[in-house]
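Number of protein chains: 2
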Amino acid sequence: MWLKAIPLVALYASAVFAKPFIDEEPHCAGFDACHPVVQDGINVHLVPHSHDDVGWLQTVDQYFYQKVQYIISNVITYLQENPDRRFIQVETAYFHQWWKLQNNATKSQVIELINTGRLEIANGAWSMNDEAAVHYQSTTDQYTLGLRFLEDVLGKCARPKVGWQIDPFGHSREQASLLSQMGMDAFFFSRIDYREMKKRRAEKTMDLLWRGSANLGYDSNIFTSVLYDHYNAPPQFCFDVDCNDPPIVTDNQSAEYNWEERVQLFTSYIEAVAGCYPTNNILVTIGGDMKWRNAEKVFVNLDRLIEGFKKFKPQISGKNINLIYSTPACYTKAVRDYIVAKEIKLDVVTEDFFPYADGEKTVWAGYFTSRPTSKRLERFANNLHQVSKQVTALGGKPYGAVAKLSRALGVMQHHDAITGTEKTAVEKDYHRSIVTGMNEAIEEISDSFSSILGAPNPLNLTSCFLSNVSVCSESDSDQFNVLVYNPLARNASHYIQIPVRDGTWKVTDPTGEEIATQLTDTVRNLDYITNNTKQKILPKVLFFKAEYLPALGYRVYSFQRTDNVGVPVQEDPVSEDQIGFKDRYVNFNATTKLLKSITLNGLTLGVTQKLMFYRSAKDGSGAYIFRPDPDVSHAVEFGDPVTTVLVNDGDLVKEVRQVWRDWATQVVRVYKDEDFIEFDWMVGPINSTSATLYNLEDTIGKEVISQYSTDLTTNGVFYTDSNGREMIYRKKNYRPTYNYTDKAPQAGNYYPVNTKILVKDETYEFAVLTDRSEGGSSLASGEVELMLHRVCSNDDNRGVGEALNETEYNKPVVVRGSHFVTLGKSANGNGGRTMAAVERDIAQRKHLQPWVFYTAEDLAVKEQSFLNKELPPNVHLLTLESWGGGNSLLIRLEHILENDEDPNLSREVTVDLKDLFKTIKINSMVEYALAGITPLEESEKLSWPQVEDDTDPSSPLSRANKLARDPSDLKITLAPMQIRTFVADIEIQDGIRN
Amino acid sequence: MWLKAIPLVALYASAVFAKPFIDEEPHCAGFDACHPVVQDGINVHLVPHSHDDVGWLQTVDQYFYQKVQYIISNVITYLQENPDRRFIQVETAYFHQWWKLQNNATKSQVIELINTGRLEIANGAWSMNDEAAVHYQSTTDQYTLGLRFLEDVLGKCARPKVGWQIDPFGHSREQASLLSQMGMDAFFFSRIDYREMKKRRAEKTMDLLWRGSANLGYDSNIFTSVLYDHYNAPPQFCFDVDCNDPPIVTDNQSAEYNWEERVQLFTSYIEAVAGCYPTNNILVTIGGDMKWRNAEKVFVNLDRLIEGFKKFKPQISGKNINLIYSTPACYTKAVRDYIVAKEIKLDVVTEDFFPYADGEKTVWAGYFTSRPTSKRLERFANNLHQVSKQVTALGGKPYGAVAKLSRALGVMQHHDAITGTEKTAVEKDYHRSIVTGMNEAIEEISDSFSSILGAPNPLNLTSCFLSNVSVCSESDSDQFNVLVYNPLARNASHYIQIPVRDGTWKVTDPTGEEIATQLTDTVRNLDYITNNTKQKILPKVLFFKAEYLPALGYRVYSFQRTDNVGVPVQEDPVSEDQIGFKDRYVNFNATTKLLKSITLNGLTLGVTQKLMFYRSAKDGSGAYIFRPDPDVSHAVEFGDPVTTVLVNDGDLVKEVRQVWRDWATQVVRVYKDEDFIEFDWMVGPINSTSATLYNLEDTIGKEVISQYSTDLTTNGVFYTDSNGREMIYRKKNYRPTYNYTDKAPQAGNYYPVNTKILVKDETYEFAVLTDRSEGGSSLASGEVELMLHRVCSNDDNRGVGEALNETEYNKPVVVRGSHFVTLGKSANGNGGRTMAAVERDIAQRKHLQPWVFYTAEDLAVKEQSFLNKELPPNVHLLTLESWGGGNSLLIRLEHILENDEDPNLSREVTVDLKDLFKTIKINSMVEYALAGITPLEESEKLSWPQVEDDTDPSSPLSRANKLARDPSDLKITLAPMQIRTFVADIEIQDGIRN
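Protein chains in written order, with the numbering used here: chain U, 287 to 1280; chain H, 287 to 1280.
If you are wondering where the hints come from, they were derived from the structure by calculation, not from laboratory data.
All values derive from a computational prediction rather than experimental measurement.
Each hint can be trusted.
Since the list can't tell identical chains apart, any single copy or any two copies may satisfy a pair.
In silico lysine to aspartate or glutamate, EDC-like type, Cα no more than 20 angstroms apart, as pairs:
1) 1097 <-> 948
2) 386 <-> 367
3) 1111 <-> 869
4) 393 <-> 367
5) 386 <-> 593
6) 386 <-> 589
7) 386 <-> 542
8) 690 <-> 542
9) 1227 <-> 318
10) 690 <-> 537
11) 386 <-> 537
12) 1148 <-> 799
13) 1148 <-> 795
14) 386 <-> 398
15) 393 <-> 589
16) 714 <-> 542
17) 709 <-> 542
18) 484 <-> 453
19) 1017 <-> 1028
Okay, chain U solo, but in the shape it has when bound:
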């Protein structure tokens, strides 16, 4: 029996927004709304758009209330005055804010404009996300959030057909892949390397085909168009309030008459653009940052321009010009039809567009690292976001229960948020929103747990967001309970650190058995927090291992202080000594006190590591750009000898503290049975002028790196991940798509590292996994470096207008983070796995860590999994969230290995979701395109001659195969790297309540 996909709007009556305006089955004009194009002449697609940054120089609300609310209203109003006019609406965070303020009449008008194709949604995500510093899970979520809202209030005609990423500073292959998986027909952007831009213009390859994945074939291919010259209107044709362009005057009695002259000027522009594209179509954006504040002004002039082209009929090389209002979707359709008709082959790209340089000296690689606290906060909040979506779904809450956090994270993906390229005041507002959302999420989780467990009194779960700086009022007690929730769909062990009072502690598991713990000192240099706030720093950290936490489940531990007096922590200098456990340890050089080697996974590899820094060039680095002093051809040593001290020598974990400067330190941590070594670094305040303690306090910008040098011979080759999914081959001073010229020796070789960077030779592999996005490179054979933190003394003139120097309590901020370093034989890592599989496992456990809740209540059921079985190690429950009013779930399953990464785990894998959940019965599942909005059977992508589906019809990547699936069949097969998205019709059951 086939279960036809039910429109969301009908299914989810309890969604946050009432939808009284939507025709159940509206007729969408689709491509029929496109103005006719010609085969012989030149089609000029005028695309009106406003680029409304979701925060940058102002906060989201400041922009919205000062500008965007009027832009959208104005455009909606003036679209209606001439049915020929078109506009694309992009940022759904703003559209959502706007929609809330409108009356029913306006809402109906908007729906009518959408249905008739006069208003088109492009991108449609909550924000226009960055592509360098984002994680694919967050990207997927923020598209889903935006598109779901649009579907709820506007209906299916609003579904975007194109990715519109016109401002992000470089472009990731994973973004292309995700857009294609969402069913998008095209991907538009503008920022590519200046050398590549020149080449593409000359070779007419500004339109191209991008293969977004090395694994997914058809599912990830997407037509891609590079805008001619950013996204503004052509010079003198902006017309908006602050443009002061000459208005088009059609009255030839006026001294200001300029109609024909203006048509000719526009024709010259068209001529320049038309020479760079492979078909007879060009796209001309009419808009810009916060533009269209006077929609009437722009539309009236465009109307007159179009009328002028009809009247004066200018030509280019004997060809007529067909000037039309258009949209990116209409442009795509016109290009595709021309390609099919003329049998044109598009250029094919298989790599990505990083790093972006807009000139010889200006490589936008600084923002890979800028504002590392923001980049970490986003990961931390995403961790909670996933936990909260899972728990509220399990608790039967409706869609949107943790909307504040979802929205704050949607905003945080924005290309001036996660990038760190916003003003500091705006960063603070992002953080405020996220923390507000996290607090709401904690409450919702608490409530859901109460419901799931049928707790007689409402549980009051809480969390300590500042436990990484040992601030936690919940654990500032002699007795408390910790509920550790594991968001992975498989059992997982995890070392957990709890800030505690000094003394002797007894920790018991649900069986009442005492477990091993280890007490250590809190990290140093936190005095600036206590000096400036009333926050209390707990003096000790208690380590314990949460072993085999239940898949999608929890375990409760009880903490009790048994004695006020603890064992004093001994600090011993480290010489040649080997620190660690019998099968995993590190060695330090007796002279330099630096790391000398790492032994792990049955292998000892010579590895030295140190913190260093770059000095910024004069007029060099800023929030966007990384430009070290060209007179210093490498990173700078701190100069003084490092001090290296063993600070924690127990049975679970051993810690060595290394100090380069008081503001540049790290703890090297070896766990008893983890297959990585943790480098827990802390950097800052850089260039503080308020304490002589922190020297090197000149005013020159500094960008601190951690540099790992191994014995491997790698010849400049290294690998970085693309948004946390597939790995991409990198080679020093080389680009696959254009001739590289070595003008920026360091920055030109920097790439975004979202979760992992590695070097390898034929046998061995050395990988560093990060806890946030960082810039990284390999500038010498066997070497890996990652940029941790940066303070810039000057603005880099890309608009933000502030030197990058986030302060807290009047000092440059201090940043703490971790590298998880692993190594081994590439083909045969620990436990019969390849190193790739090992790294995937670590990455996932670090990305979705068990979340620690505190509770005073004594839970009756102290441990359980919400699954009846754990998922295989190569299958990830990427998404589990409520999709309706308790009878619908959004489920995404993902194969987390690439082809050929592991002989076993890279195989296709099938999971059966029947009886998977303990408390949820799945009746059926309909497969959707990635965003969960468009049922696969409604997802009709344009066919492109070069991207036709070439997968085996029986493969799980085959569209035919997917469509042939019976919705009641809950056995799902995944190919490597495949994500499959389902909306499940469910019943919540009482199974595990007590």
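Based on the hints, put chain H in the right spot on chain U.
Okay, now just chain H, sitting in the frame of chain U:
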């Protein structure tokens, strides 16, 4: 039989604009559209408006196409989104331009907004005219032009109820009178002397009653409201695109939430304003220069502000605040109702509001003279405008035949045009438009004459606009005809000067008889014209007297050069000699060479006269402000002795040339039988740096005056005209309405002189009549001074942003003009008339001079009047123009004397229009309010307790009497200073064609 007034829209099917949208008898919401006011609380009338200067920093078209077109469209659009919203549209020059660009749907929407009172016309004139430098005829015309257009396209609901003169730099009593006569209920403005403003605020007399005329009683009284503080929105409540005010944020979840705080801030503002007005109503303007470019933004915030007042209910002294969208008309109605209910007496004003000072040192008296060429061009063009309206009406042309000139002159009345306070580039554009209009008018006149005269071949009448600088290609010939047209409705004689070639000339009148002529040299210092252009200067000027030109008629003169050799002009130095004719002459002082006495009208009066100048203070004078160096307590002598030379000694006219400097000269001219002495002055280039010839070329601003000192003892009392109509008493260092503080000894005593300034003692009177508006004063007993020309070295910081220094051919411009000086016994002037009557006669003959046309054709009828009889000397045919398609005329008759000016001529006078015109038969005449738009029977003014009609019901000033008139009764009685306006139903007859 009563003839009901027929709506214009029905009557004039051939008017320039088709009017398919107007309901024949629309229902006008009128005051019913006003939002309710409360009696107990404070009513705050928010009045949205945009102040759109008809040229200033940019030309009219530049403003229109860059800003105004969008403002009007935006407002129209967003008015429709909320029926509570209101807006007033003011400048009809712009509305007309905008209307032309709209489609029928928009036009219909506008009419609906007008009919429902959501869009209200305020003022409605073509421009917001200046009040200091304008002539009442031009003011009347420009209101008529604007209101006629509005009536044609919008219908009767568009008729404005208020004068809205919020920017002009001081206010004339005549303006109040004219507005009242148009049927306006109120007059709003903002610029009054800073001392008076302070006093009025303190005394709560910012609302007042103004008696606009000393003669007209009820007809001229008008409620007047002074805006609290100019016309902008309150600080932080502008909201438009370039205001950057905090938007009102009503979402209390937002970090930007400020709703209540913003309501409180606005309440503080209301509290300050409410203390200055006599009723419980205050008017708050929301707008400003070129504001409302984003109407949506402003309206949305005002909506929220109003909603906020309802929600938070702030109070002032226990009173509730009723914040409403409103209009000036609704404000007026609310004030009036409150006054009636509470029996409040308003302050009564009988004087005017000149000069305007916004600070101790900044008296806006410079613009009374600034750009004297513009001020003269306007008068010159008005002269032609009246001629062309008359002739085209007589020729049966439809309304609007000379629309270009009408519109250009309508624009020229604008308070940054005739004032000379615009940028020089904008001045050039005003002149260009006027000259374009004049050329069209000449063509239309030519055509009309052909039609009236039934000429077998079209006549080709032409004019020489530059004959005052002896440029005239038409008279650069040995033979030509001159047609002199007299636009007065009475016979008039006039001395005419024609630039000609040198030689001996024979001039014959229509009877073929040779008339007396006199040849003289062209004025000097015109070399800069020939040096810079190809224009040819004719070397001689031929004087002749056109004697008793037919009333509203013409006479043709034939010119023939009979010999190439003329009589050389002798130049003789003048000593004590008496120059002139037996009963009228001037004497010069043998030592100083200056004027010593004038003998005229049977009286010899000691009069010295000289050109002098003021030096500007540092940071002193500019286009607006007159501020001479305070260290020099009087005007400065040129220093060198004047040279005084007799240059023309004939039978018609005698001329003496006086030279102070090469750039400061004059010709004193005595005519054989004129009752004035002409002072033909020429000033400039001031401060030219390009010729050593013109010394005193420092960079200090100079303002040149002509100073007349008489023997009269006048004690600081003098009289100036108000816009060319009634005379107003002035006294040095005195103001009737507030305590004068002497901070600006000269400027503080300057007043606008439109046509006349005089001093008198108990017996004698000395008057100077001007050919344009000038600033003038009497700073010493018996003295009169007039400012002729000014060049300022600095901008005076009132917005124009340019130092006043108009250049032509790279030198400061040269200005030529005339003073007509007369004197006599006050009570018994020439011909049994008082001096007042003599002056009225001269003023009228100079204002509407006979117009000289050139023609090559030989007209069959060389002389005729278009009237069967001339009008009495105290009756002026103020307006004669076609009002429809050849079957309707607009006629205005005016009594040109004030009460008590002349024992005979100041009496009521009756004229019979039956058979008045030779070629036109008047069937009936319906009386209208002054602008010719509203039939008197439809003109319902609000009644005010203090201005109820107190005239004798049988008087021609009585409304009852006027309404009782039978339209077929063509006998019209006029009281002193009364203007009566009629629309006449006519038939054009063939009477005088030949």
